[in-house]
Structure formats: C-alpha cells, structure tokens
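Engineer: Using the hints provided, position chain B relative to the given structure of chain A.
The lines below spell out each chain.
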Amino acid sequence: MPDPLLPRLKQLIVETLRLEEVAPADIADNEPLIGGGLSLDSIDALELVVRMEREFGIKIASSEEARQALASVAALAAYIRERGDPARLPT
Amino acid sequence: MALTRQVFASTRNPGPSRGLQFLRLADLALPEPVFRPLRAAGTWVALASMSQQRRASRDYLRAALGREPRLLDQFRHFFSLCESLMLKLRVANGTAHRLVLGPDSGDFGRWLKSGGPAFLGTLHVGNSDLTGFLLALQDRRRVHIVRHRVGNSEDTEALARRLGGLVRFIWVNDPGDLLFALKEACASGEAVALQCDRAEHSSRTETFDFLGAKRTFPITIYHLAFIFNRPVFLSVGVPGGPDVSVVHASPAFEPLAGEPRAAGLERARAHFQAFLARVESYLRAHPYDWFNFRPL
Numbered sequence: 001m002p003d004p005l006l007p008r009l010k011q012l013i014v015e016t017l018r019l020e021e022v023a024p025a026d027i028a029d030n031e032p033l034i035g036g037g038l039s040l041d042s043i044d045a046l047e048l049v050v051r052m053e054r055e056f057g058i059k060i061a062s063s064e065e066a067r068q069a070l071a072s073v074a075a076l077a078a079y080i081r082e083r084g085d086p087a088r089l090p091t
Numbered sequence: 001m002a003l004t005r006q007v008f009a010s011t012r013n014p015g016p017s018r019g020l021q022f023l024r025l026a027d028l029a030l031p032e033p034v035f036r037p038l039r040a041a042g043t044w045v046a047l048a049s050m051s052q053q054r055r056a057s058r059d060y061l062r063a064a065l066g067r068e069p070r071l072l073d074q075f076r077h078f079f080s081l082c083e084s085l086m087l088k089l090r091v092a093n094g095t096a097h098r099l100v101l102g103p104d105s106g107d108f109g110r111w112l113k114s115g116g117p118a119f120l121g122t123l124h125v126g127n128s129d130l131t132g133f134l135l136a137l138q139d140r141r142r143v144h145i146v147r148h149r150v151g152n153s154e155d156t157e158a159l160a161r162r163l164g165g166l167v168r169f170i171w172v173n174d175p176g177d178l179l180f181a182l183k184e185a186c187a188s189g190e191a192v193a194l195q196c197d198r199a200e201h202s203s204r205t206e207t208f209d210f211l212g213a214k215r216t217f218p219i220t221i222y223h224l225a226f227i228f229n230r231p232v233f234l235s236v237g238v239p240g241g242p243d244v245s246v247v248h249a250s251p252a253f254e255p256l257a258g259e260p261r262a263a264g265l266e267r268a269r270a271h272f273q274a275f276l277a278r279v280e281s282y283l284r285a286h287p288y289d290w291f292n293f294r295p296l
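Quick mapping for you: the protein sequence lines, in order, are chains A and B. Here the first sequence is numbered in our numbering, starting from 1 and rising by one per residue. Here the second sequence is numbered in our numbering, starting from 1 and rising by one per residue.
Just chain A, with the same shape it has in the complex:
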C-alpha cells in the first residue's frame, strides 16, 4: 500500500515553493529535489526545510542531514517517518 505521506509531501512542495507549472503528481517519488528537474536553489531548500520542520515537528540540523532528507520525496518521507511527530503524520 503506498505511503500516504508521499502525496502530502508533493502537495506541500508545490504549495510552499509556488511551483505553478508543476502538479504534485508530476513529481516522481525518487526524483532529486535539489539539482533535479524541479530546478530548486538553496533558498528553495531553506524554505522547504523550514516548512517541513513546522509541519512535522522535525529538526534538520545540518546541510548533511538536509542533503539526505531532500534527496527525493521518498527520502524526505523516510526522514520524516523516522524523526517526525507521529501525531502529525498521515496514516
């Protein structure tokens, strides 16, 4: 059964970064978020990190962790599942 967190994250990415020409479903689970087809830059990464921290109660504390978390939507979901506040996660 697909993880319900994945579509939620895709929706948040599109919404947070105002990606007008991208639909959530267009983002592949394993597509790199930074340096990939979405053309996100470091300010986008910062905005995304801040939003994810607020949304899921995680704390991304270094750029190494950010690189790991933002490797793809699937990686971000795994990171949030591991460290996020369970009460804020979709089931």
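Please keep in mind that the hints were generated in silico from the structure rather than gathered at the bench. Ideal Cβ positions, reconstructed from N, Cα and C, are used throughout, including at glycine. It is possible that some hints are incorrect.
Said to hold, decoys possible - To give an idea of the interface, some chain B residues facing chain A are shown, with a C-beta separation under 10 Å as derived from the structure:
| hint | residue |
| --- | --- |
| 1 | Ser-203 |
| 2 | Arg-204 |
| 3 | Thr-220 |
| 4 | Leu-224 |
| 5 | Phe-226 |
| 6 | Pro-260 |
| 7 | Ala-262 |
Structural biologist: Relative to the frame of chain A, chain B by itself:
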C-alpha cells in the same frame, strides 16, 4: 547575499592585507599630521597596484559624477575607503563612536526599542560597515552579520572581538553549513544583517534603476523575510562628524499574512527601489562614499 560555497581567498577590498596591525600601531605611535600623509602615500600605492578595483572605481565614479573621473577623483575614492577602514580600526581599539538616527528613520528607531527580530540590509556606503557593530555596542542588540570573507577581513574580526558575543559572523564563502547557520540565526529571534549590493553570489537578483542605468542587486533578504516572517530594514550609516555616524533607514518592509508571494515581491521591489533612490541621492552629493569596489 550568497548561498554558494566558493572560496574567494584572493578577493580583497582595497587596503592592506597584512598591514592592519601596523596601521593600528602607527595610529597609536604617530601624530596624525605625520600619519595622515603616510596613509595618503599608501593609498597611491593601492591605487597603482589594484587594477580591478581601480577599474571598478572609475566606472562607478563616471556614473556618479556624470563625467570622466580624473586620477585625483580616484585617489579621493580610495582614500575615503582608507579613512573608513581607519575608523573601524580605531573603534575596534576602543575609540568612542556614536550612532544617531536620521530624521527619516522612525520605523527603525521603533524597531530598535522593540527588541524584535529583523533582517537588516545595508550597502557599502560610508560607515555602514560599522552600523551592525555599533548597534550591538550601543543598543546591546545581538546581531548576526552575513559577510563575504575577503583576504583582509581582520578589521571586521577585530571589531567583533571587541563586542564579545554580541556579533557573530556567518561567512558566506566558508565551507561550513551556511544554510543552517543562517537558519539557526533566524531561529534565534535576533537581528540578521546582510549586505545587499553584491549580486554575484546570490541566487535571487533583480534589476533596479541606480546611477543612471539598470543595475543588478540581490533581493535574497526579502525572500528570507517571507520565509521567516519578519521585517526588513535597509539602512546606511554615513559620517555625521568626527565621532558620529548618522543612520538613514528605510521604512519597515513587513511580510503580510495571506499575501501572494508575487504581490509581496512586487512590494519588496518598490521598497528596495525607493531606498536605492535615497542612496543615489546621497552618493551624488558624496561620490567618494561608495565602497563596493566591484563592477556596478
């Protein structure tokens, strides 16, 4: 403001890279009527040896003066920077220097009293480099200063040492966690100061009318304001007497809840352009006070 991680060890502002200690000692040991001509001689050497900065100075002065600059204009431009550097060294050595607010800086004055977080944008004009330090010293505000480390940054580091923990640098070209240093600084609820006139390392730039042409400036500060929901003040500090700098600050730029980002950015552009017009007006009257020795 840069969010890239290049190292610019060879980049430096006009001025001595290894002579700051000498300048400090000379300032203590030599009477000013002797030391000032020595600084002028050193300025001629800098002018003769720093071709990139000389070219940038000439291009800037041509725009600011509205005519082809003479060699003496360029000397005055370099010497003005030299005197600004001396002021920083003197303040770092304990010389008293006060900040006063210009009559057009009401919002900034209210923010200073409020103690809230803010992004403080400045440009390489007059004594602006000192503003963040003096805010910390005079108003006991903790300020995180985002800076590009150049080959002769010792003057600013000496100032920071004088202020203990009140000033912290975030070096944009350090190989460390820049993004996260910035995030932590913002999360601390303290002021974060950025220079807003060097676009070459910034991912978000726009063109503005400045000195008779469209010029590119970074607008990262406004994006940060939207992300962290805090106000932006732009300011410059200019000489106001032998021991005084006058701060001219913009009205507050506030992100608005629910405002579409495009509309917010449109307001941000207008806010930046209005401040640039004030800076341009100052520079037309004081052309040697522009210290961004990079191509316009």
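Engineer: Taking 10 Å as the limit, does the beta-carbon of B/Ser-203 come near enough to a beta-carbon in chain A?
Structural biologist: holds, 4 Å
Engineer: Using the nearest Cβ pair, does B/Leu-224 come within less than 10 Å of chain A?
Structural biologist: holds, 8 Å
Engineer: Would the hint on B/Thr-220 stand, with a C-beta cut-off of 10 Å toward chain A?
Structural biologist: holds, 7 Å
Engineer: Using Cβ atoms only, decide whether B/Phe-226 comes closer than 10 Å to chain A, and label the hint accordingly.
Structural biologist: Holds, about 8 Å.
Engineer: Against chain A, run the beta carbon of B/Arg-204 and see if the smallest gap drops under 10 Å.
Structural biologist: holds, 6 Å
Engineer: Under the criterion of a CB-CB separation shorter than 10 Å, is B/Ala-262 in contact with chain A as hinted?
Structural biologist: holds, 8 Å
Engineer: With a cut-off of 10 Å on the beta carbons, see whether B/Pro-260 makes it to chain A.
Structural biologist: holds, 8 Å
The structure agrees with every numbered hint stated previously.
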